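First to last, the protein sequences are chains A and B.
Going left to right, the first sequence walks through residues 1 to 358 as UniProt numbering numbers them.
Going left to right, the second sequence walks through residues 1 to 276 as UniProt numbering numbers them.
Not one of these hints is a red herring.
Taking lysine to any residue pairs in the SDA-like style, the calculated list, with each CA pair at most 25 Å apart, reads:
(1) B/LYS8 x A/ARG74
(2) B/LYS8 x B/SER18
(3) B/LYS8 x B/TRP266
(4) A/LYS134 x B/ARG14
(5) B/LYS8 x B/LEU197
(6) A/LYS110 x B/ILE2
(7) B/LYS8 x A/ALA111
(8) B/LYS8 x A/GLY106
Calculated directly from the structure, the hints in this document are not laboratory data.
Values in this document were obtained by computation on a predicted structure and should not be read as measured data.
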Amino acid sequence: MIVTRALTKRFGRITAVHEVDLNVREGDRYGLLGPNGSGKTTLVRMILGLVYATSGEIEVMGQPIPRRTNEVLREVGALVEGPGAYAHLSGRANLTFLDASGPGGGGSRKARRLRVEEALTRAGLSGVDDRPVKTYSLGMRQRLGLAAALLHQPRLLVLDEPTNGLDPQGIREIRDLLEELNANGTTIFLCSHLLSEVEQLCTRVGVMDRGHLVLEEEMSQVRSPTGRVVVHTPDADRAVALLDGGVEHRDGARLLVRTADAAELNARLVREGLRIDEIHVQRRSLEDVVLEATGPGSDRLDAEPAEPAELDGPGVHVDGVRKVETRPSASTGTGTGTSLSPGSEPDAWQGTSREFLE
Amino acid sequence: MIVTELAKLVRRPRTWVSLALLCGLPAIVAIFLGVTEVAPPPGEGPTFLSAVLSNGSLYPAAALAMVLPLFLPVSVAVVGGDSIAGEAGSGMLRYLLLRPVGRTRLLVAKLIALTAYVMLAVVAVAATSYAIGVAIFGTEPASALAGSELITSVSGTGLSDVQVALRITYTVLYIGFSMLGVGALALFLSTFTDSPLAAALGALAALVTSQVLVTLDAAASVQPYLLTRYWLAWVDFFRDPILWRDIERGLALQAVYVGVLLAASWANFATRDVTS
Ligand SMILES: Nc1ncnc2c1ncn2[C@@H]1O[C@H](COP(=O)(O)OP(=O)(O)OP(=O)(O)O)[C@@H](O)[C@H]1O
Ligand SMILES: [Mg+2]
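Same shape as in the complex, but just chain A (with noise of 0.2 Å):
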């Protein structure tokens, strides 16, 4: 569905994307994740044909981008950055307005009419009056540009943050929304910074960190087990002493125990009659294999950066040799060594929490 190779964007100085291939095939549910700056925006716009790219190739159901933008956009929805709308008019008469300014915009007025409260509709604004969205909440706003991308029946939607401002339950909405959508086969490729947004939505990921798309892969991948099962036991001591040496680390009650077979182990406890809270297999979390694949985010800019990797120019080098330590790491994707190496437990229990989310 989208398939880019080596695309490049620079602006100036600052290499906003470097070198990505990305492949979105048909009915995936990609979400894209990466720190404030690191180019999913201007990837987004690329594909949609509002950014030229410097180098590389697009292509988007098979026709190359931007060459055919217009006939691909036909059967594209697309929410880019935020909504946008003419303040001065209600949100009925901005999705007419869009809906008669393009391709597919003609029919009955009451065709029209119908496509338009249709969208509204989905996009759960169906009960908006006629007041001009200067007056919309900001959840109103988002709504409503989800609204405009849903306009025309499209087979991909393109979404850049597209719970942006929503409370959680429009969030839910919105993801029930996507998921029928999905099941009548539309694609979605979505950029976020919710990671339980991606999580729960999602049935592929990629990863962007300054530029570079460090991971890309299979959702279930990513939720492998790391070959670890986690036990709550109040008879901690004795298990410790019956495993002997196969708990990796230990936080009070709660065992971390190198084993792929979570059955076996509780049956052993068990048989040994240990008592047992909740055991379960340890899985990789979207989290920790976010957080390990990037970098702080680009945007923040300390007065003493410790890596000055953003500008690029003749410091090609200062990213090159960043690179060379995030990459490996994250595409091997075994789910073998994530932050559970020994040198870095207390990770293994406290769900990292650097600041992603900022």
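Given the coordinates of chain A, assemble chain B with the ligands onto it according to the supplied hints.
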């Protein structure tokens, strides 16, 4: 797309406010003149004002002369500067392009809406001032000034009513076309910035510069090429016979400006990154 652009223009309160202001200035002047009947002596004050007390049907020409130096170019620059930059500012530019409206189509639609606004503005000023002129000054030639059935042309000979109407129509078209030059300049700047204000101000700065240089003898060498050089040539429509030389040059110069600016707008807009 063209229809929606025109609809947008019509639904903007700003369009009507600016038209009201444009038509308001001549109306105020007419009221003062009508009440006091003190006309500026011929050759002083705004063009034609000295003549209108005699016959209101010439008032449109006087009205256009009043709004031409400032009011009209300002409103046109504002609308022109808004065309692309305004869409970028409201965040709608990207959604229009994603709809998809081709970039060239969008630019053409904007140009048509701009032309419509320019013509609407000039015609509105002419029409309202005609109505006001006739209502306040009447169409009877004042004997003190003319003494015959004829309105005095700038050259001193008389013009019939039909001639006056025809020449006012020419004037409207000529001024409309001159304003399109300003509009094209604002549209061009509007493809560079996301701020409509910046585009409008840029166009006005260029205009003021041009108007200053036109009156500056030291700048004689560049004067024939200045945007505003032939703006006042429409006065020649009221000579008898019409003096076509400057009018023709003015039309040709404006055509060159409009053509070059539109081509440059297109070249820029079609190839630029839309990051608003
Ligand atoms: N028009 C522009 N001119 C110059 N630099 C730009 C421009 N647009 C983006 N950039 C730079 O490109 C980089 C990537 O920006 P981009 O908006 O794509 O990031 P992002 O991943 O969408 O970030 P966020 O999560 O904050 O939305 C940033 O360093 C930004 O400063
Ligand atoms: Mg972004």
